Amino acid sequence: MLRYALRRLWQSFVTVFIVITLVFLLMRLLPVEGYFAESYDKLTPEQKEAILKSIGVLDPWYVQLRRFYSDLLHGDLGTSIVYRPKVPVREILAPKIPYSVAFGLSAIAISLVLGLGMGVWQARDKGRFWDKVWTGYIVFINAVPSAVYLLFIQLYVTQITKLPILFDRDRPISWILPIISMSLGGIAGYAMWMRRFMVDELNKDYIRLARAKGMSSTAIMIKHVLRNAFVPMAQYLPTSVLLTISGSIYIESLYSIPGMGGLLVDAIQRQDNPLVQTLVLIYSTLGILGLFLGDILMAIFDPRIKLERRGGSR
Amino acid sequence: MSNEREILEPVEQQDLFTFAKFDEQAAERIGYSDYSYWGSTVRVFMKNKVAVSLLVVMIGLLAFTFIQPFLPNQKDPTKIYTDPVTGIQLRNHPPSKEFWFGTNSIGQDLWSRVWSGTRTSLLIGILVGIWEVCFGITVGALWGYVRQLDALITELYNIINNVPTTIVLMLLTYIMRPSFQTMVLAMCATGWLGMARFVRNQIIIIRDREYNLASRCLGTPTYRIITKNLLPYLVSVIVLRMALAIPSTIGWEVFLTYIGLGLPLDTPSLGNLVNEGRQAMMSPSLRYQLIFPSAVLSLITISFYVIGNAFSDASDPRNHF
Amino acid sequence: MDAPILSARDVVVKFSLRGQILTAIRGASLDLYEGETLAIVGESGSGKSVFTKTFIGMLDANGWVDSGSIMFEGKDLAKFKTEREWLTIRGKKIAMVFQDPMTALNPLRTVGMQIQEVLELHQGLKGEQAKKRAIEILDEVGISDPAMRYSQYPHEFSGGMRQRVVIAIAIACNPRILICDEPTTALDVTIQAQILELIRRLQKRLGLTIVYITHDLGVVANVADRVAVMYAGDIIEYGTVEEIFYDPRHPYTWALLSSLPQLGRKGSPLYSIKGTPPNLFTEIKGDAYAPRNPYALKIDFVKRPPFFKVTPTHYAKTWLLDPRAPKVEPPEIIQAMRAKYRVSERDA
Numbered sequence: 001m002l003r004y005a006l007r008r009l010w011q012s013f014v015t016v017f018i019v020i021t022l023v024f025l026l027m028r029l030l031p032v033e034g035y036f037a038e039s040y041d042k043l044t045p046e047q048k049e050a051i052l053k054s055i056g057v058l059d060p061w062y063v064q065l066r067r068f069y070s071d072l073l074h075g076d077l078g079t080s081i082v083y084r085p086k087v088p089v090r091e092i093l094a095p096k097i098p099y100s101v102a103f104g105l106s107a108i109a110i111s112l113v114l115g116l117g118m119g120v121w122q123a124r125d126k127g128r129f130w131d132k133v134w135t136g137y138i139v140f141i142n143a144v145p146s147a148v149y150l151l152f153i154q155l156y157v158t159q160i161t162k163l164p165i166l167f168d169r170d171r172p173i174s175w176i177l178p179i180i181s182m183s184l185g186g187i188a189g190y191a192m193w194m195r196r197f198m199v200d201e202l203n204k205d206y207i208r209l210a211r212a213k214g215m216s217s218t219a220i221m222i223k224h225v226l227r228n229a230f231v232p233m234a235q236y237l238p239t240s241v242l243l244t245i246s247g248s249i250y251i252e253s254l255y256s257i258p259g260m261g262g263l264l265v266d267a268i269q270r271q272d273n274p275l276v277q278t279l280v281l282i283y284s285t286l287g288i289l290g291l292f293l294g295d296i297l298m299a300i301f302d303p304r305i306k307l308e309r310r311g312g313s314r
Numbered sequence: 001m002s003n004e005r006e007i008l009e010p011v012e013q014q015d016l017f018t019f020a021k022f023d024e025q026a027a028e029r030i031g032y033s034d035y036s037y038w039g040s041t042v043r044v045f046m047k048n049k050v051a052v053s054l055l056v057v058m059i060g061l062l063a064f065t066f067i068q069p070f071l072p073n074q075k076d077p078t079k080i081y082t083d084p085v086t087g088i089q090l091r092n093h094p095p096s097k098e099f100w101f102g103t104n105s106i107g108q109d110l111w112s113r114v115w116s117g118t119r120t121s122l123l124i125g126i127l128v129g130i131w132e133v134c135f136g137i138t139v140g141a142l143w144g145y146v147r148q149l150d151a152l153i154t155e156l157y158n159i160i161n162n163v164p165t166t167i168v169l170m171l172l173t174y175i176m177r178p179s180f181q182t183m184v185l186a187m188c189a190t191g192w193l194g195m196a197r198f199v200r201n202q203i204i205i206i207r208d209r210e211y212n213l214a215s216r217c218l219g220t221p222t223y224r225i226i227t228k229n230l231l232p233y234l235v236s237v238i239v240l241r242m243a244l245a246i247p248s249t250i251g252w253e254v255f256l257t258y259i260g261l262g263l264p265l266d267t268p269s270l271g272n273l274v275n276e277g278r279q280a281m282m283s284p285s286l287r288y289q290l291i292f293p294s295a296v297l298s299l300i301t302i303s304f305y306v307i308g309n310a311f312s313d314a315s316d317p318r319n320h321f
Numbered sequence: 001m002d003a004p005i006l007s008a009r010d011v012v013v014k015f016s017l018r019g020q021i022l023t024a025i026r027g028a029s030l031d032l033y034e035g036e037t038l039a040i041v042g043e044s045g046s047g048k049s050v051f052t053k054t055f056i057g058m059l060d061a062n063g064w065v066d067s068g069s070i071m072f073e074g075k076d077l078a079k080f081k082t083e084r085e086w087l088t089i090r091g092k093k094i095a096m097v098f099q100d101p102m103t104a105l106n107p108l109r110t111v112g113m114q115i116q117e118v119l120e121l122h123q124g125l126k127g128e129q130a131k132k133r134a135i136e137i138l139d140e141v142g143i144s145d146p147a148m149r150y151s152q153y154p155h156e157f158s159g160g161m162r163q164r165v166v167i168a169i170a171i172a173c174n175p176r177i178l179i180c181d182e183p184t185t186a187l188d189v190t191i192q193a194q195i196l197e198l199i200r201r202l203q204k205r206l207g208l209t210i211v212y213i214t215h216d217l218g219v220v221a222n223v224a225d226r227v228a229v230m231y232a233g234d235i236i237e238y239g240t241v242e243e244i245f246y247d248p249r250h251p252y253t254w255a256l257l258s259s260l261p262q263l264g265r266k267g268s269p270l271y272s273i274k275g276t277p278p279n280l281f282t283e284i285k286g287d288a289y290a291p292r293n294p295y296a297l298k299i300d301f302v303k304r305p306p307f308f309k310v311t312p313t314h315y316a317k318t319w320l321l322d323p324r325a326p327k328v329e330p331p332e333i334i335q336a337m338r339a340k341y342r343v344s345e346r347d348a
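Residue numbers (our numbering), protein chains in the order written: chain A, 1 to 314; chain G, 1 to 321; chain B, 1 to 348.
Hints are supplied without guarantee of correctness; some may be wrong.
Derived SDA-like pairs (lysine to any residue); straight-line CA-CA distance at most 25 Å [as the list claims (entries may be wrong)]: (1) A:K223 / B:T276; (2) B:K274 / G:A20; (3) G:K21 / B:T276; (4) A:K223 / B:F157; (5) A:K223 / B:Q129; (6) B:K79 / A:I207; (7) B:K14 / G:Y288; (8) A:K162 / G:Y288; (9) A:K204 / B:E136; (10) A:K132 / G:D313; (11) A:K126 / B:M58.
Because the hints were derived from the structure by calculation, they are not lab data. Here the structure is a predicted model, which is why all the values come from computation and not from measurement.
Let's have the full structure, built from the sequences with the hints guiding it.
This is how it looks when you write it as C-alpha cells:
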C-alpha cells in the first residue's frame, strides 16, 4: 500500500513537472503585447526592446525555463503586468485563495451528499417514478451547457427568492446561490455514476448468493451493494473535483466572487501572461492532486488492488 | 407423484400408435430465436418514445437550419437594419412580424442570426466529432495493438487527462488568436482522449477474449472478427461520441466566448448569441435576446444527448430483451 | 413411502423476454423425500435451474410462477408474493450452492463476515459468538487454519476453497434442503471429487435433503439416490438411480445415456442426439421430444403423454409405455447396460 502510494506520488510529481514545463513553453509562444502594461502602440521600438529585456523574455528559452524553476522554488511566481502592474502574483493570489477553497469545498461536500443520496435513491427505485425524475435532471444538467442554465438561475432565482444577484462578502445570504450553482453539476455527476455502479453491482453473482442467504433487499443494498459501488465511485470522485474546479471558474466570475476563478477570467481578458500562467499551473496541479487522491482512496477501499498498474484506466 | 395413468379419450384412430416418420429437418428446424443485432437495436431504440420524438424534432430542425438561408424573405444575419423612415438603426427591436426573434443591440435580425449561429456551432461539433472518432480510433488502435507504444501513449494520456479540460482549452485558445480554426483545433486537442482509451480497451478485450480466440482457432479471418465482434461495439460508441460532441462543443464554445476567447463577433454562433443576450439580460424587456438563442441551443444539446445515449443503450446487447 | 418434504405439482414458469412470453417450465412435478439425494439431469436450457429456483423464490425479475403448487412445511411456495415471506425460507430452510464460486462471493468483504452474516440473520448470534461459530463452520467444511482464513478476502482463496466457503454459507443455518446448482462444473476434476465428498459428509451429519442439478451423469451415478430427467421444461422420467441407468424407459433418457462417452464402444462412433431442443417461445403440442425422437409415434405429435408407472418408484412420460403402443426394444447400448446390471444383480 505504502509502496503503491509512493509510486503514484512520484508519478504525479513527474506529471506536474511535465505540465508546468509545457505550460511555460507554450506561454512563450504568445505575442509580446501581453508584457506591456501601457498601450503597446504608444511605445517606440526602443522602449519595447528595453521593457522586454528587463523582464528577460528575450533570453533563450532554456535560460528562461531555468530561471522560472529557480524562482518557483523560492516561492516567486512572477509579477503581474496588466491586472495590477508590478505587484507580485503571490500578493494578488493570497487573499483570493480562501474564497475559492471555501466555495469549492462546500460545493464538493454538498454535491457528494446530495449526489450519492440521489444515486442510491435511483438505484433502489430503478425504472420507477423518482428514478425517471432524477434521470431527467441528470440529462438536463449534462446536456445543457452550464454556462447557459447558470445564467438563468442567476437571473430568475434571484428574482423569485430575492437572493442577492452578486456576491457580497459581508452578507452570508449571498453565498447561497453560488454554492448551489457550483453543486448542481457535481450532484448530477455523482448521482449518475452512483446509480450506474450500484446497478452494476446488483447484477453480480454475489448478490444472488446474498439473496439466497435470505437477506432482505434493504440489507443487501446497505451491506453489499453500497460499499462495493463506492470503490469505482472513489475513482470518479476526483474527476468530479475537476468538474467543480471548471465550474468555479465560470461561477466565480458570474457572481463576482473574488476568488482564483474570477481572477483567471479577468487575467485572460486583460492578457496578463504571468498571472494566467500561474493560475493555469495551480489549476493543473489541483487536477493532478485530485486524481492522485482518488487512486489512493480507491486502493484503501478495494483490497484487490495490489499495486498493479492501472495504466490508462480512466 | 402418483399420477395414475390417464384414461385416454376414446381413441378413434388406432393408428395413432404407429411410428411416425422421423423428419430430420423438423428436428433441426426449431432454432432458439430469430435474433438479429441491428434489428434488436432499432427495436429497442424505437421503444424509447422520448428519444424517437426528439429524433424526429431534430431531423426537422437540422433540415430547417440548413435550408433556412434559401427560403424566401430571410434576412442577412450580419446586416444591420435601419428604420426606413428615420434611418436610425433598429436596435433592440422586440419580436415582431418583421423580425420574428427581434433584433439585437446593433439592429441585426436575431432570427437569421440564431440559425446562422446554429450552423456554425453544429459545424464545429461535427468537425470535432469526426476528428475525435478518426483520431481516437487510430490512436486507440495503435495503443492497443503496438505493444511498444503502450507505455508511451499511456503516459501521454495520463498527462493530458490529469489537467482539467477547461484549463487546456483556455490555454490553447489563449495562445492562439480567437477564430473558428482556433476553436476547432483546441477542442480537437482534448476530445479524442476518451475515444482512444475506449478503442484501446476494446482492442485488448478483442485480442484476449476467449470467444475471439475460439473463432480464430476455427480459422475465422481477422477482418471477420473485426466486423462481427468489434464493429458492433464501435458503431455504437462512434454514434454516441458524434452525438455527444455536439452538446459538449456547444457548451465549451459558450464558456470560451464568455471569458472572451470565443469566435470573432462578426461570426454568429450560439456562444456569441448567448453572450450577447447575457449582456442584455438585466433589462426584462430585452431578455428575449437571451431566451431565444438559449432555447434553440438547449433543444439541440438535449436532443443530441438523449438520442446519443438512447442509441448507445439500444446497441448494448444486454438490453435486447 | 413417507410423505415428501417438498412436493411440486404442475409447476408452470414463464418469462417475458424481448416482448414475448417464454414458457420455461411446462407443468413439471417433483417430490422430494427427507434425507435423500435427488439429481435433476438434462441438457442446458432444459429448465433444471429455473425449476429449482422457484423453490426459493429466486427467479429473475422477468420470470414468474404461472400456475401449480410447491408445498413445503404446509405452505404453498408458489403463492408467495412478498420478500418477507421468502425470507422465512431462503437460507434458513432451503439453501442453495451456485455453479461458479469465483463470482459467488462478495470480493470486498472478508470470508468470515460473509458467513457470519447468515448466522446473525437466522440464528440471532452476535459478535464474538457469531465469529466463533463462523470459524467452526469453516473448519467443518474442511478449510485449514480457519481462524486465519476467517479474516481473509475471497481473492486469497482458490476456486475449490471458495466453493467450500459457499457451502459453509449454505449450511450455516442447518437448512432442511440444500440445492446444489452444478456445484462442481467450474472446478478441476480432482477438486470436484473433494467437493462431492464434502457434501456427502455434511449430508450425513446434518441430515440434509439434497437436490443436485447437473448435466454430468458421472456425478449423478456417484451421489444420487434418485434421478429425475428433464427435457424442455418438463420432468419426463424419474426413478431410482439404478432404474434410470439400467432400465430407462423414455427414448430421451435412452438417447441421453447413449451419448455418454463411457458407454460407447471402441471403434463405433459416439452417439449424439439429433436435432435441437424445441423453441420455448412457441406452444408445444404433444411430446416435446417427438421431433427428435426416432421412436416417435403419431400420437406423440398430437397429445402429450401422461406419466406411466413402471415400478412404484419409476415413472416415465412416453406413449411407448401405453399398452396399445408397439413393442420397442431400446437401443443396443441400453440393452447391454441392462444385461450387465441383471448379471451383477444375480451375483449379488
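Which constraints among the numbered hints does this structure fail? Numbers only, ascending. Violated: hints 1, 7, 9.
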